[in-house]
Amino acid sequence: MTSVSQSNIDSLNAVLGQTFRLYVQTHGYHWNVEGPNFRQLHVVFEEQYQNLWAALDVIAERIRTQGAYAPASVAALVALAGPEEEPAQSAEDMVARLITGHEALANAIRDAIKTAAEAEDEVSVGVLSDRLEWHEKELWMMKASTR
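In case it helps, full-length UniProt numbering puts the sequence shown at residues 1 to 147.
Hints listed in this document are in silico derivations from the structure and should not be mistaken for laboratory results.
Treat the hints loosely; a few may be bogus.
The following label-pair restraints were derived from C-beta to C-beta distances [as the list claims (entries may be wrong)]: (1) Glu46 / Ser5: 22 to 28 Å; (2) Gly82 / Asn51: 17 to 23 Å; (3) Gln40 / Ser73: 32 to 38 Å.
Note that the structure is predicted; figures quoted are calculated from it, not measured.
Beta carbons are placed, not taken as given, at the ideal position from N, Cα and C, and that holds for glycine.
Given the sequences, and given the hints that come with them, work out the whole structure.
Written out as structure tokens, the structure reads:
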């Protein structure tokens, strides 16, 4: 395996780990949100965690198509996910932390797109571009809701 191929796999693993972290965070916020915007945020968080859950499979399968094994334990995914903050308690803090999480993941995806392009992995570029589009749209909507 070339260093470019390994870099591509490492980038996909990083995106997978961060997606897992954001999935768990979002699902937890779905369970625990309260306040005047409860119903709206409960629905939004559910839509987000369902999308993130589905993305985990797509990203892991891209890793497999590159000839590597996808992380197959919670410990492995957590190790790839990076540091985790304490959960937010208020609805406003939940939205703010999800904005931060989506921004961080969007940046990781941008880096992974460059790496996949260098590896001439056009399919991963496409998958990652689709993920980036979704995160950017979610960011726009969450940021608009805070104004």
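Note whether the CB distance of Glu46 and Ser5 lies within 22 to 28 Å or breaks it.
violated (37 Å)
Cβ distance range 32 to 38 Å for Gln40 and Ser73, holds or violated
This hint holds: roughly 35 Å between Cβ atoms.
Given a hinted range of 17 to 23 Å, is it respected by the beta-carbon distance of Gly82 and Asn51?
Holds: the Cβ-Cβ distance is about 20 Å, inside 17 to 23 Å.
Hint 1 from the list above is the single one not met by this structure.
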